[in-house]
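Those protein sequences? They're chains A and B, same order as listed.
Quick note on this note's numbering: the first sequence kicks off at 21 and runs consecutively.
Quick note on this note's numbering: the second sequence kicks off at 50 and runs consecutively.
No wet-lab data here; the hints were simulated from the structure.
Even for Gly, the Cβ is constructed at its ideal location relative to N, Cα and C.
You may find that some hints are simply not true.
[As the list claims (entries may be wrong)] Each computed PhoX-like pair below joins lysine-lysine, with the alpha-carbon atoms no more than 20 Å apart:
hint, chain 1, residue 1, chain 2, residue 2
1, A, 283, B, 439
2, B, 231, B, 190
3, B, 413, B, 386
4, B, 231, A, 233
[Claimed, not checked] Not close to chain A: a few residues of chain B, all C-beta gaps over 10 Å, as computed:
hint, residue
5, 84
6, 93
7, 109
8, 135
9, 210
10, 306
11, 337
12, 355
13, 407
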Amino acid sequence: MTQPRIAVFARLANGDAAPTRLITGQNTLLGRTIHGLAYDPTRDEIVAPNALADAILVFRGAAAGSERPLRVIQGPHTHLVTPHAVSLDLQNREILVASLTGRRINIFRWDANGDATPVRVIEGPKTELGHIVGLAVDPDRNLLAVANTHEILIFNRTDNGDAAPRGRIAGPKTGITDEPWQMEFYQGRIFLAASNHFHQNLYEGVTLRPDAKEVPDDPWLNPILGFMGVWNITDNGDVAPLAMIRGPFSGLIHPVGLALNPKDGEIYVSDSVKNGVLSFLVPQFFPQESPTSNSDGRRSK
Amino acid sequence: MISKLGAGCALGLALLATAAALSQTASPESQSSKPAPEDIPPIRTIADPYPAFNGIAVDAANGIVAMSDPNRKSLLLYDRIRGASQGEASLPIRQILGPDTFLGMIAGIILDPQREEIYTANNDIEDTVVVMPYGASGNVKPRRVFSVPHQSWGLALGNVADQIAVTVEVQNTIVFYRRQVKGVEAPVRIIRGQATGLADPHGIYWDESHNEIGVANHGNFRGVVKNTGGGCAPSFVVEDEAEAGESRPPSIRIFAANAKNDAKPLRVIQGSRTGLDWPMGIAYDAQHDTIVVANNGDSSVLIFGRNSDGDVAPLRVIRGDRTGINHPMGVAVDPQKGEVWVSNWGDHSALAFDSAVRGNVAPKRIIRSAPAGTHTPGFGNPMALAYDSKRDQLLVPN
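Let the hints inform the model, and build the full structure from the sequences given.
Put into structure tokens, the structure is as follows:
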């Protein structure tokens, strides 16, 4: 929309801070529509999608300026269609990609490069995949959570082809309405930026839909606030979040981006209306690794 | 404009049902003056309190320069001959800002001096072009709003054709509407297809003296043109074939003004000699018969001959530390004063240069939306985040 880039800020940056470095420029092969971003601490790499070139770009962690990616996954064998978001399964060494308009999830080996064939593709009518953005993998339970249209779908991690979801977190108690966005996973819990903005597209491609009659209201003014919510990945049905951040003091209006820092007990959330990044200190949201923790991440009483 | 209830979208009903349920289950705390337990304030917030300039347009006849501001979601109009002094923020003549304005993540902007109207493209989410009268100020409703495809970026006005041209990034398309368009109307024509070579188009100009249209392209290409968009899912059609995306070199493509469908461009400026690096805004300078390009990637302004074709070097380049050019988004030409205006995304400024300059020269005037030296986060709807645990840093894409 503006300048395609990845801006890097010190964790403690506050106010109208300047980035410490920028990854930007033609050589980066970046474009707009980066709706998911992942950092791989084991390889010190940054993984970003380019929806407008049907590509996945992998940069070195210290990349700066107009630097070329280390690897580019792009080409007809990739089956990428408008890849909006990426997520990593560090344990199984895989890159997961949400191909939004393709309504499919492509899974690649983490060292995939060039016109690579995905190791698995989840797609088809049984999947119920629609507007997919956030993905989160639980490698211990072999589960995959997907932020889909107006719900969270749970698949088996190794599902392939036209697989039906094994679980669904949806309904009024969840608070999720429209377009749940970035999702992260930690210790049995999924963390979701539930944007709850209401985007209506009157066009299919550049063709006006036959039922398009009037200009919709501004989606940013949707009075239903978005929030950051936490669920157990084993939850199923109309389940309220275990924990959430929502309300006027939080500053969240329609949150979209989300990142976790369990070590410091912090959650980072970007908000489209504020056009900013907010940091929350919520160590209580992160289950501790201890013998008293149940397998589903809930603390024993 | 309609309410969400009247949108005819099944999802709207689900939305309202959820809203009702949420209100019914609201905790007692949420109904008092005390914050609800989940209403946790942030410990830090990175945001820019000042307007950030994206597009820029000049109306020499009426003496104004106008900028689109997607950061604070506003339009700003300034006196084009008054610059900032001593590094203070410049005082706009008017700022259009507020929930009634329908302004959001706006990109391209054009002025219609004859009818005294401002056009700006809501690039993300709203998918509209907003038309304001010159006299608009504060939180006012637009004179007109019309729907456009998602990711519309650049705008150009053709007075003879009486049409508005709009570039659409993800669709690799230029759509044309009748100038008086209002509400929901189908385009009167489009330029789209393999022969066009359009690839993530951004800025566009309409040169009526030569009946040409020029378009700046980033080079992102999605292969088969069949994206059906999104929004009120799941009504859109699944794309079941791989698209074979490409990362092509950036280009300037010049078409006949009346081109349509899969038209081949008259000329293409593309290749390593061009120096193109994410070309954003673009303008035609009639005085010098040149094409002026905001070259975002390397913080420069490139000037090509109008008839340039192929892998050619620019006639002139404005670049260097004295210029103050910092990741420019827009350019505009003031033929009356013989000036080129440049809007910077990298800081809070717009710069006026003599339109004949080259090299590392200082601007004649500067308009600032914040005091000089103010930090610039530079966010443009950051819809994802990552945390670099190795360096203790946040990664924020636009």
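How the hints compare with the structure:
1. A/283 to B/439: holds (12 Å)
2. B/231 to B/190: holds (14 Å)
3. B/413 to B/386: Between residue 413 of chain B and residue 386 of chain B the Cα gap is close to 11 Å, so the pair holds against 20 Å.
4. B/231 to A/233: Status holds; Cα separation ~11 Å.
5. 84: violated (5 Å)
6. 93: Non-interface label on residue 93 of chain B violated, nearest chain A Cβ at 4 Å vs cutoff 10 Å.
7. 109: Its Cβ never comes within 10 Å of chain A, the nearest being 27 Å, so this holds.
8. 135: For residue 135 of chain B, whose nearest Cβ neighbour in chain A is about 20 Å away, the distance exceeds 10 Å, so it holds.
9. 210: The claim holds: residue 210 of chain B sits with its nearest Cβ about 19 Å from chain A, beyond 10 Å.
10. 306: holds (19 Å)
11. 337: holds (26 Å)
12. 355: Residue 355 of chain B is indeed farther than 10 Å from all Cβ atoms of chain A, at 24 Å.
13. 407: holds (22 Å)
In summary, the numbered hints that this structure violates are 5 and 6.
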